[in-house]
Amino acid sequence: MQASYSENAFIKGEFIIERFPGKGGWYYVALPGIKTAQNQPFGWRIVKGSIDNYNFEQYHLMPMGNGSLFLPINAAVRKKIKKTVGDRVSITLFEDEGIPAIPDYLKDSLSFEPVLWKEFEAQTTAFQRAWIKKIEDAKTEDGKSKRILDLIQTLEKK
Numbered sequence: 001m002q003a004s005y006s007e008n009a010f011i012k013g014e015f016i017i018e019r020f021p022g023k024g025g026w027y028y029v030a031l032p033g034i035k036t037a038q039n040q041p042f043g044w045r046i047v048k049g050s051i052d053n054y055n056f057e058q059y060h061l062m063p064m065g066n067g068s069l070f071l072p073i074n075a076a077v078r079k080k081i082k083k084t085v086g087d088r089v090s091i092t093l094f095e096d097e098g099i100p101a102i103p104d105y106l107k108d109s110l111s112f113e114p115v116l117w118k119e120f121e122a123q124t125t126a127f128q129r130a131w132i133k134k135i136e137d138a139k140t141e142d143g144k145s146k147r148i149l150d151l152i153q154t155l156e157k158k
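Heads up: the sequence shown at position 70 corresponds to 70 in this note's numbering, and the numbers run straight through without jumps.
Note that these hints are calculated values from the structure, not bench results. One should not assume that every hint holds.
[What the hints assert, rightly or not] What follows is a list of derived Cβ distance ranges for each label pair:
no.: 1; residue 1: THR140; residue 2: ASN55; range: 23 to 31 Å
no.: 2; residue 1: PRO114; residue 2: ILE16; range: 49 to 57 Å
no.: 3; residue 1: ARG88; residue 2: PHE56; range: 16 to 24 Å
no.: 4; residue 1: SER145; residue 2: ASN66; range: 33 to 41 Å
no.: 5; residue 1: GLY22; residue 2: GLN123; range: 31 to 39 Å
no.: 6; residue 1: LYS146; residue 2: ILE16; range: 37 to 45 Å
no.: 7; residue 1: ASP108; residue 2: LYS133; range: 15 to 23 Å
no.: 8; residue 1: GLY24; residue 2: THR140; range: 16 to 24 Å
no.: 9; residue 1: ALA138; residue 2: PHE20; range: 18 to 26 Å
no.: 10; residue 1: ALA76; residue 2: ASP104; range: 21 to 29 Å
no.: 11; residue 1: ALA30; residue 2: ALA75; range: 16 to 24 Å
[As the list claims (entries may be wrong)] 30 Å max Cα-Cα, derived DSBU-like pairs, lysine-lysine:
no.: 12; residue 1: LYS133; residue 2: LYS157
no.: 13; residue 1: LYS134; residue 2: LYS79
no.: 14; residue 1: LYS107; residue 2: LYS158
no.: 15; residue 1: LYS144; residue 2: LYS107
no.: 16; residue 1: LYS79; residue 2: LYS144
no.: 17; residue 1: LYS107; residue 2: LYS48
no.: 18; residue 1: LYS79; residue 2: LYS48
no.: 19; residue 1: LYS118; residue 2: LYS144
Even glycine gets a Cβ: it sits at the ideal position worked out from N, Cα and C.
Turn these sequences into a full structure, and let the hints guide you.
Here's what the structure looks like:
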């Protein structure tokens with residue numbers, strides 16, 4: 001992915017990869033001084049940027065529980081940058097306020113009823129992102145379908 005960002009990064013520096021203890025503990029970089037977002041679910045901050053030479057967009061900074069945030073680093077990213085716990089990485093982050101990419105299957109599911117599609121489009125970016133993430137995080141196609149139905153029911157109530 002090509003990225004070109006202005007020089008207005010809110011995080012730029014060298015950080016050490018850490019890991020939460022225990023089986024299945026996440027790999028992450030702690031971002032001291034970065035506070036949770038008041039207008040996002042769970043206080044997430046949505047960012048774009050790079051870690052070493054790997055560029056990304058619409059990535060969630062997660063809350064640590066102490067009011068600050070961390071950048072999770074999954075196995076695919078660690079493999080691409082060839083880094084693990086204790087390694088130093090160069091990180092540059094920017095707020096990502098872009099409109100979320102709406103998957104084609106979700107567009108198709110909502111477009112059968114134009115009122116639903118218009119209602120989804122009228123929602124805030126945070127609402128759209130949260131639902132897209134919730135649907136994408138489903139482990140099975142059946143799970144995705146159930147979450148899309150939940151979204152439809154939510155939109156029908158609005």
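For each hint, the structure was consulted:
no.: 1; hint: THR140 with ASN55: 23 to 31 Å; in the structure: holds, 30 Å
no.: 2; hint: PRO114 with ILE16: 49 to 57 Å; in the structure: holds, 51 Å
no.: 3; hint: ARG88 with PHE56: 16 to 24 Å; in the structure: holds, 19 Å
no.: 4; hint: SER145 with ASN66: 33 to 41 Å; in the structure: holds, 37 Å
no.: 5; hint: GLY22 with GLN123: 31 to 39 Å; in the structure: holds, 37 Å
no.: 6; hint: LYS146 with ILE16: 37 to 45 Å; in the structure: holds, 40 Å
no.: 7; hint: ASP108 with LYS133: 15 to 23 Å; in the structure: holds, 19 Å
no.: 8; hint: GLY24 with THR140: 16 to 24 Å; in the structure: holds, 20 Å
no.: 9; hint: ALA138 with PHE20: 18 to 26 Å; in the structure: holds, 24 Å
no.: 10; hint: ALA76 with ASP104: 21 to 29 Å; in the structure: holds, 22 Å
no.: 11; hint: ALA30 with ALA75: 16 to 24 Å; in the structure: holds, 19 Å
no.: 12; hint: LYS133 with LYS157; in the structure: holds, 21 Å
no.: 13; hint: LYS134 with LYS79; in the structure: holds, 25 Å
no.: 14; hint: LYS107 with LYS158; in the structure: holds, 18 Å
no.: 15; hint: LYS144 with LYS107; in the structure: holds, 13 Å
no.: 16; hint: LYS79 with LYS144; in the structure: holds, 28 Å
no.: 17; hint: LYS107 with LYS48; in the structure: holds, 24 Å
no.: 18; hint: LYS79 with LYS48; in the structure: holds, 19 Å
no.: 19; hint: LYS118 with LYS144; in the structure: holds, 21 Å
Hint check: no violations occur; every hint is consistent with the structure.
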